[in-house]
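Enquirer: Okay, here's what each chain looks like letter by letter:
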Amino acid sequence: MKIPKGLRCGIEIHQQLDTRKLFCACATGLSDEGHGAYRRRLKPVSGELGAIDRAAMIQYKKGVGFEYQTVPGLSCLVDLDEEPPVGPDADAVRLGLTFSAMIGADVVDEIHFMRKIVVDGSNTTGYQRSALISVGGHVDIGHKKIGILTTCLEEDAARKISEEKGIVTYRLDRLGIPLLEIATAPDMETPEEVREAALRIGTMLRATKGVKRGIGTIREDLNISIPGGARVEIKGAQELRLLPAYVENEAKRQAMLIEIKGILGKRGAVAPAGDAVDVSDAFGGCGSKVISSALSSGGIVCAVALPGFAGTLNGSGGKYRLGAELAQRARVKAGVKGIFHSDELPGYGIGEGYVKAVFERLGLKGEHDAFAICADRKRKAEKAIAAVAERAAEALSGVPEETRDPMPDGTSRYSRPLPGADRMSPETDIPPIAVDRGELAEIAANLPEMPEETEARLVSAHGINAQQASVLVATDRHELFERLVSGGAETAIAAATLTNTYSELEREGTDTQSIDGAHILRIFEMLSQGAFAKEAVPELVKKAAEGVDPDKAVESLGLSAVGQEEARDTIAKIVSERADFVRERGMSAVGPLMGPVMGALRGKIDGGLANSLLTEEIKRLLAEGK
Amino acid sequence: MAYSKRLETLLSKAGAEIGCRLSVRRGGARFEGILMGHGDANDPDAIVIKTAGGYNAGIMLGEGDSVEVLSPPAKTQARKKGTGKAKNGSPRVAVVGTGGTIAASVDAASGALGPNRALEDLLDEVPGLRDDFEIVAEQPFAVFSEDMGPSRWTALAEAVVSAAAKDVAGVVVTHGTDTMGHSAAALSFMLRGIGKPIVLTGAQRSPDRPSSDAFGNILSAARYCATGKPGVYVLMRGGLNDDEYALFEGTRAKKMHTSRRDAFRAPNVGPFATMDDAGAIEYLRDALPVAKYEPRTRLEPAVALVKIYPGIGPAELSALVSGKKGIVIEGTGMGHVPSALIGTVADLVSSGVLVGIATQCAGGSVNLNVYGTGRALQAAGAIPLSDTLPETALVKMMWALANCEDPAGAMRTPLAGECSDRRELV
Ligand SMILES: [Zn+2]
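Residue numbers (the numbering used here), protein chains in the order written: chain A, 3 to 628; chain B, 9 to 434.
Watch out, some of these pointers could steer you wrong.
[Stated by the list, open to error] Below, simulated DSBU-like cross-link-like pairs (lysine-lysine); rule was C-alpha separation at most 30 Å, straight line:
{"id": "1", "chain 1": "B", "residue 1": "K237", "chain 2": "A", "residue 2": "K63"}
{"id": "2", "chain 1": "A", "residue 1": "K64", "chain 2": "B", "residue 2": "K95"}
{"id": "3", "chain 1": "B", "residue 1": "K95", "chain 2": "A", "residue 2": "K63"}
{"id": "4", "chain 1": "A", "residue 1": "K64", "chain 2": "B", "residue 2": "K237"}
{"id": "5", "chain 1": "A", "residue 1": "K385", "chain 2": "A", "residue 2": "K367"}
[Stated by the list, open to error] Looking from chain A toward chain B, a few residues come up when the C-beta cut is under 7 Å (computed):
{"id": "6", "residue": "Y40"}
{"id": "7", "residue": "R41"}
{"id": "8", "residue": "R42"}
{"id": "9", "residue": "K45"}
{"id": "10", "residue": "Y62"}
{"id": "11", "residue": "K63"}
{"id": "12", "residue": "V66"}
{"id": "13", "residue": "D83"}
{"id": "14", "residue": "D111"}
{"id": "15", "residue": "H114"}
{"id": "16", "residue": "T127"}
{"id": "17", "residue": "G128"}
{"id": "18", "residue": "M426"}
{"id": "19", "residue": "P428"}
{"id": "20", "residue": "P433"}
{"id": "21", "residue": "P434"}
It should be emphasised that the hints constitute simulated quantities derived from the structure, not laboratory data. Glycine residues also receive a C-beta, built at the ideal position from the N, C-alpha and C atoms.
Whole structure, please, built from the sequences with the hints as guidance.
Expert: Right, dumping it as structure tokens:
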């Protein structure tokens, strides 16, 4: 299936800042360990429209539903909501102003922190503090301008650690880390543009030199729609390389749902009657494990008729997959493992006879009629079937607006309906912050070097090619490169190492982000001292990626203190072992013997030196023979 | 701060009123949003607008900038009232509201919190309260508790007396936490012998936040009223968890933390009882013996509480206590004052001023026998107040001077559990 025409995407980028926390003096970082468990609950407060979140209220009445772990140094009374906020952090505000200036946005004159109500426990207060810094501006990708709607400064949420027996446990280390939230206009029209825009914004953010780096420090929400589809939000994507896949798969999913709408419309299908029918008695002796174990533990098999839906659940050779949508909804809403639907039956141990019996029990006779069943405890199964009926009804009008979770394979899964407008109210604990026009002017006059400026400078100052410069900037290794070069490293080797060697390592599945820059600096320092030949660099970088200290690696690889004499001995041995070959070929034996020589020396000496030593040895042998 | 004259003119010419949708031009920039109120924290040349995402922002309008009204204010819907109806036979509990953080929400003028939430609205928001209790609410006044004082203590006591006289199981008093200990002490002396639970409670987080402690505290106070022992108590969180509550005798409760939910402690004695999330009470000691109930709500306001500090001299002390009928001195350690003040104390006593000595230490008792200064203070006629909290001593002296024939004797006698001659290892 091709990517449908008229695709529109917007992204919202959340970038952690490398400052202290936004509203307390805690350091920012994540800890593998949390302490204690402070039990809390959050009451849904009525919004400006007076609506109360019913599910949240039921949770509140049940009792404490959240537990919080603290981390010394990374959490304090503010994070635990036992002290009012202090701040905002001036460095974080300045980064917001700086980025706004970089994109040419209009900065507000008074920054007002707001409370965005969130009662899932991820904020101890029950709200996220967030402020609008600027509106407007744009970023360029190729020849296209991508509009920016807003740039906001907000606090990150607590990290969810576990969920058990109705208690969600969070750790407070991440709570309060400043985030810049950049929302673009829906200006992207292809999956690749989405990746480019995200990359561009990410690179510009890093150009401020004030943001955190590494997995989880930047997260993207994607808003995707196609004509006739609906706005769907994929929330919390962390891997840039997967963004095009999310967009493409979502666009195709919407196109499929639009086609299914057409099919259902033609058949005159109507919303399924929501009532679940207990069809347990039709499954006596059924070989399906799911069904027999549900029945034997007192559960039921519950069914819903889906008249007109046959072939849309899983049909046309896997092209139509509404069944997967029904199953996801049932999983999220009822917590069941899954459902079965008639497009995939007989199968899964459910024989033809059982399928016929269910059609009969539901009174379904039409050629396009279908059904779905769920086997579980009574209440759960009924809830699952109600969710299936709800989702099936939505299929009649095409694509439902929803929020989806990104999956590591580039697809996404239903998580919840699209939330309404955020419930915002002023954060009374923080007075409005006046933006100083003088500071803004000073920021505008001293903007960080834009990525393309850095690239141009790398080319002109160091003579590397544009391709290498662009990779160095895009991968955020240009600072390390410049430190290597200013430390005396040979430009070509440094550039090749940070581009080719790193990408080879990545192809092999190595996480190059974890390489300690200090290790790379040490490798080049030793290289310039002649401790080993340049051929050994890739291997040492590989060791550094495994966390091995370069000095130790040099030792363990046998690279250390290999003198020319030792190399000469090795080469002499190789030449004498192949004396007949050398005598036969004469000086043209140099080329063929370089292989075994370099293999034996394994980067202990430079290729050029090896070549001249080999030439000398061959000359000597040939002279001896005369 | 009000708008500047120029901005006021600009807005009125454009016909802009709060709630209307505006398009704003500031230089080359354009903003759109709903016009919000303007408070003391805003620049006189800035308007506050709510943008499409719900964010507020201040925009400064200078010469040449303009506003255009896009649409008039939307009609706001009236907030729905609480709907819970108590089951027949549910306990009746009175609630007397006095303001405080527990009744706070944003104040338009300052942009900060004000004690402006109507009591009935607050009670409507307490999950389960109106389902389980029949509530009789009354709000004699609404202030932050730093604005409490002798006349409001009397007004509060009278409101509690009349509420308790109705057919109720007990009375919940919602109160600011800053001086809730003082008010609880005042009620403890004024309403000695009241045969019902009187429970003061407050909040450290205002009820406009999902994490507010207001709701749990009010519900727990009502639960205590329904089943607890009589007397005047303070109820707040008993720890940092939302399912632990603690009660303290009114004369013993002290705010020991500026912001934690479990800010209240009872130095020297610890909590009187704890309560869990379901309302189960565990008593940690006996309640005070019930005295004859004769409410006496008058207070003598001319009493001062003076904290001793190194270097305080006779002139400073005299200035602080001029015109007073009684003073409570918060002495150092076991109740000491610089020796230079002994003569001033003696003069005060001989001119008929009641002088009591409490300690500024966070725990322990006054003892004026151990050191020479202490004995000199006793010889000067000062009354050692044992382990009575200084703020409780202040209120007790106001009450004793207004109601007792022998105020000095009253100060030496435990009347409402305010002091003890033994301290356990707590
Ligand atoms: Zn902190």
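Enquirer: Each hint: holds or not?
Expert: Hint-by-hint comparison with the structure:
1. A threshold of 30 Å between alpha carbons decides the hint, and for K237/B with K63/A the separation of about 26 Å falls inside it, so the pair holds.
2. Distance restraint check for K64/A and K95/B: the Cα-Cα separation of roughly 20 Å lies within the 30 Å cut-off, and the hinted pair is therefore satisfied.
3. Annotation: proposed proximity of K95/B to K63/A holds, straight-line Cα distance about 18 Å (limit 30 Å).
4. Our distance criterion of 30 Å between C-alpha atoms is met by K64/A and K237/B, whose separation comes to about 27 Å.
5. The suggested pairing of K385/A with K367/A holds, with an alpha-carbon distance near 26 Å, which does not exceed 30 Å.
6. Because the smallest distance between the Cβ of Y40/A and any Cβ of chain B comes to about 5 Å, under 7 Å, the interface hint for this residue holds.
7. Evaluation of the R41/A hint against chain B yields a held restraint, the C-beta minimum of about 4 Å falling below 7 Å.
8. Proximity of R42/A to chain B holds as hinted, the smallest CB-CB distance being about 5 Å (cut-off 7 Å).
9. With its C-beta approaching chain B no nearer than about 5 Å, K45/A sits inside the 7 Å limit, and its interface hint holds.
10. For Y62/A, the shortest C-beta to C-beta distance to chain B is roughly 6 Å, which falls under 7 Å, so the interface hint holds.
11. Because the beta carbon of K63/A sits about 6 Å from the nearest beta carbon in chain B, less than 7 Å, this interface hint is met.
12. Using the Cβ-Cβ criterion of 7 Å, the hint placing V66/A at the interface with chain B is satisfied: the shortest such distance is roughly 5 Å.
13. Annotation: D83/A was flagged as interfacial toward chain B, and the flag holds, the nearest CB pair being 5 Å apart, inside 7 Å.
14. A hinted interface residue such as D111/A counts as satisfied when its beta carbon comes closer than 7 Å to some beta carbon of chain B; here the least separation is about 4 Å, so the hint holds.
15. Taking 7 Å as the C-beta cut-off, the interface hint given for H114/A holds, the closest approach to chain B being about 4 Å.
16. Hint status for T127/A: holds, given a least beta-carbon distance of 5 Å to chain B, under 7 Å.
17. Given hint, G128/A at the interface with chain B, holds; its Cβ is 2 Å from that chain's nearest Cβ, closer than 7 Å.
18. Interface restraint check: M426/A against chain B, minimum CB-CB distance 3 Å, threshold 7 Å, status holds.
19. The beta carbon of P428/A comes within 6 Å of a beta carbon in chain B, closer than 7 Å, and the hint placing it at the interface holds.
20. At its closest, the beta carbon of P433/A sits 5 Å from a beta carbon of chain B; the interface hint therefore holds under the 7 Å criterion.
21. The interface hint given for P434/A is met, as the beta carbon of that residue sits about 5 Å from the closest beta carbon of chain B, less than 7 Å.
No hint from the list above goes unmet by this structure.
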